[in-house]
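Residue numbers (my numbering), protein chains in the order written: chain A, 54 to 475; chain B, 120 to 205.
Among the clues, some could well be false.
[Claimed, not checked] Some chain A residues well away from chain B (every beta-carbon gap over 10 Å; in silico):
#: 1; residue: 74
#: 2; residue: 79
#: 3; residue: 198
#: 4; residue: 339
#: 5; residue: 426
[What the hints assert, rightly or not] Label pairs and their computed distance ranges (CB to CB):
#: 6; chain 1: A; residue 1: 106; chain 2: B; residue 2: 171; range: 55 to 61 Å
#: 7; chain 1: A; residue 1: 106; chain 2: B; residue 2: 184; range: 40 to 46 Å
#: 8; chain 1: B; residue 1: 133; chain 2: A; residue 2: 379; range: 32 to 38 Å
#: 9; chain 1: A; residue 1: 365; chain 2: B; residue 2: 152; range: 43 to 49 Å
#: 10; chain 1: A; residue 1: 359; chain 2: B; residue 2: 133; range: 50 to 56 Å
#: 11; chain 1: B; residue 1: 147; chain 2: A; residue 2: 422; range: 18 to 24 Å
#: 12; chain 1: A; residue 1: 71; chain 2: B; residue 2: 152; range: 20 to 26 Å
#: 13; chain 1: B; residue 1: 152; chain 2: A; residue 2: 467; range: 37 to 43 Å
#: 14; chain 1: B; residue 1: 172; chain 2: A; residue 2: 361; range: 30 to 36 Å
#: 15; chain 1: B; residue 1: 152; chain 2: A; residue 2: 457; range: 33 to 39 Å
#: 16; chain 1: B; residue 1: 158; chain 2: A; residue 2: 64; range: 29 to 35 Å
#: 17; chain 1: B; residue 1: 158; chain 2: A; residue 2: 63; range: 50 to 56 Å
#: 18; chain 1: A; residue 1: 145; chain 2: B; residue 2: 158; range: 35 to 41 Å
Calculated from the structure, these hints are not laboratory results. Virtual Cβ for every residue (Gly too), placed ideally from N, Cα, C.
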Amino acid sequence: MGPAAVTEPHIAAVREHYRQELEAARAAGLLREERFIHSPQAAEIEVEFPAGAAPRRVVNMCSNNYLGLSSHPEVIAAARAGLDARGYGLSSVRFICGTQDIHRELEERLTAFLGTEATLLFPSCMDANAGVFEALFGEPDVLIADRLVHASIVDGMRLCKAMQDTFKHSDMAHLEEKLIEHRDRRFRVVVTDGVFSMDGDLAKLDEIVALAERHGALVFVDDSHATGFMGRTGRGTHEQKGVFGKIDLITTTLGKALGGASGGCVSGRAELVAMCRQRARPYLFSNTVPPVIVAGALKVLELIGRTTERRDALERNTLYWRRLLTEAGFDIKPGESPIVPVMLYNAKLAQDVARDLFAEGIYVVGFFFPVVAKGLARIRTQLSAAHETRHLECAIEAFVKVGRKYDILGKDKKAILEAYGA
Amino acid sequence: MDELNRVIREYIVKEYQEEGDDHEILDTTPLISGGIVDSFSMVSLKRFLEKKYAIRIPDAEATPDAFDTVERIAALVTRIRGAAHA
C-alpha cells in the first residue's frame with residue numbers, strides 16, 4: 054500500500070509553487086532532463102531519449118571520460134578485487150573508523166603524481182572545494198578568483214569568511230592590480246581553474262605563479278579538467294605550464310579522467326592539507342570514499358604511470374577534432390584542451406543543433422545562460438582517448454550536415470547573431 | 120546624483136567589461152539579471168563604493184536586486200549617505 058494522499062493546504066501550496074516554477078522553466082526551454090544510458094561509459098553508448106524511446110547507439114562527445122578509463126577492464130578488475138578484499142562500504146567518516154590502508158596508499162600516490170607534499174581525499178572535488186577555503190582562510194585573508202572559476206569554487210568561497218574578490222578572466226594586469234590593492238591582507242590567495250570547463254582554455258599558471266611569487270601570494274588551482282592528461286606526463290596544467298611543484302593548493306577529481314567514478318582531493322603544502330584534515334567539514338562529516346573506488350583509482354594511477362599512450366591519443370584526437378571543425382567552418386574557442394566549444398551564441402539554436410545531432414547519432418549537449426554568459430550559448434564537445442578516427446569522422450559528417458541546415462558554417466559571431474538573435 | 124551615476128558607470132565599465140565588449144551601460148541597464156556583472160563579482164563594486172564614499176553598505180542591503188542597475192545602486196548609496204549625515 055502506498056502512502057496516503059497528502060491533502061494539507063500548506064503542502065498543496067508548496068507543491069503548486071514548485072509546479073509553476075518547473076512549468077515556467079519548461080516553457081522557456083530551460084528544463085534539464087536526464088538521458089538514460091543503457092550501456093557502460095564509452096566512446097559509443099546506448100541512450101534512451103526521450104524517456105521511453107528505444108535506446109539508440111550514438112557517439113558520445115560530451116563525457117569527461119578523457120582517458121577512456123571509465124570502463125577499462127583492468128580498472129574494473131581492480132575495483133572488483135578491492136570490493137572483495139576491503140568490502141563494499143565502511144559505514145563511517147574517515148576519522149572514526151573509515152580509513153583503510155588503501156586510503157593512505159591512494160593519498161600518497163596522488164601526492165607523488167601531482168607533485169605536492171600531501172593529499173587528503175574527499176567524497177568529490179565539489180566537497181574538496183566546499184571544504185578547503187573555510188578550513189584554511191578567515192577574515193584577515195583575501196581570495197582573489199578568476200571570474201570563470203567553476204561553480205563549486207564559488208560555493209566554497211562563499212562558505213569562507215575571507216574577503217573575496219575577482220579578476221577578469223585570465224587578465225594578468227587586472228590580477229596584479231588586485232594583489233596590490235589587497236597587500237594589507239594576511240594571506241592573499243589567487244584562485245583559478247587549471248582548464249576552464251566551459252571554454253576549455255588553460256589558466257596562465259606560469260604567469261600566475263610568477264605574480265604570486267612577486268607579491269607573496271598563494272596559488273590555488275582546481276585541476277579537475279586536466280589531471281591525468283595535461284602536460285607531457287599528464288600531471289596537469291601545472292606540468293603543461295612549467296610550474297610543476299609550485300602550486301600551493303590543488304583540488305582535483307577522480308570522477309573524470311582518473312576512472313570517472315567519484316571522489317576528489319585537496320593536495321598541496323603539508324601544513325595546509327593537515328589543517329584540512331582537522332577542519333574541512335565535508336571531510337569530517339561525510340562518509341569515506343568507498344574501497345571499490347579507491348582500488349579502481351590506484352589501478353588508474355598505475356596505468357597512466359606506466360605509459361603516456363592514452364594522454365597522447367587524447368592529444369592527437371583533440372588536434373584532429375579541432376582541425377576538422379575549423380576546416381568545416383565552425384566557430385570554435387581556440388585552445389589546446391580536449392574541451393572544444395562550438396559557439397552558437399543563441400540558446401535555442403544550441404538546443405536545436407544538439408537535438409538534430411542526436412538524431413544523426415552524435416550525443417552532445419547545448420549550454421546556455423546561466424551555465425554560460427548570456428549570448429554565448431554553445432555546444433561543448435569533449436574528446437576522449439577512447440574515440441577512434443571513425444568516431445570523429447562520423448561526428449564531423451553529422452556536424453556539417455546540421456551546420457548546413459542552420460546555415461552557420463563559415464559564419465562568425467556577428468553573422469550568427471544577426472541570423473538568430475542573442 | 121548625476122555625478123554619482125557617472126562614477127558607478129565608469130567603475131562598472133572598467134572593472135567588469137572585457138575589451139571589445141559592446142554592451143552600453145545605461146542607468147537602467149540590468150547588470151546582474153542581464154549577465155553583465157555576476158553576483159560573485161559584485162563584492163568589488165560594493166567595496167569600491169564603501170571606500171569612495173566612506174560608507175558601510177550592510178550585507179543585507181547589498182542584494183543582487185539592489186545592485187541590478189546603476190540607478191538602484193545610486194539610490195542605495197544616496198540613502199545610506201543621507202542616513203549617515205542625518
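Separation of residue 79(A) from chain B, once the least beta-carbon distance is taken, above 10 Å: holds, 21 Å
Given a hint of 20 to 26 Å, does the C-beta separation of residue 71(A) and residue 152(B) actually sit inside it? Hint holds: Cβ distance 21 Å, inside 20 to 26 Å.
Is the distance from the Cβ of residue 158(B) to the Cβ of residue 64(A) consistent with 29 to 35 Å? holds, 31 Å
May I ask you to test the hint 50 to 56 Å on the CB atoms belonging to residue 359(A) and residue 133(B)? holds, 51 Å
Determine whether the Cβ-Cβ distance between residue 365(A) and residue 152(B) falls within the hinted range of 43 to 49 Å. holds, 46 Å
The output says residue 74(A) does not contact chain B. Does that hold with a beta carbon cutoff of 10 Å? Given that every Cβ of chain B is farther than 10 Å from that of residue 74(A), nearest at about 17 Å, it holds.
Taking 35 to 41 Å as the hint, is the beta-carbon distance of residue 145(A) and residue 158(B) inside that range? holds, 38 Å
Mind verifying the non-interface call on residue 198(A)? Its CB should be farther than 10 Å from each CB in chain B. violated, 8 Å
Residue 152(B) paired with residue 467(A), Cβ distance criterion 37 to 43 Å: Cβ of residue 152(B) to Cβ of residue 467(A): about 25 Å, so the range 37 to 43 Å is violated.
At the C-beta level, are residue 172(B) and residue 361(A) separated by a distance inside 30 to 36 Å? At roughly 57 Å between Cβ atoms, residue 361(A) and residue 172(B) fall outside 30 to 36 Å, so the hint is violated.
A range of 18 to 24 Å was offered for this pair. Does it hold for the Cβ distance of residue 147(B) and residue 422(A)? Given range 18 to 24 Å: holds, Cβ gap about 20 Å.
Take a look at whether the Cβ-Cβ distance between residue 158(B) and residue 63(A) falls inside 50 to 56 Å. Cβ of residue 158(B) to Cβ of residue 63(A): about 30 Å, so the range 50 to 56 Å is violated.
In this structure, the earlier hints numbered 3, 5, 13, 14 and 17 are contradicted, and the remaining ones agree with it.
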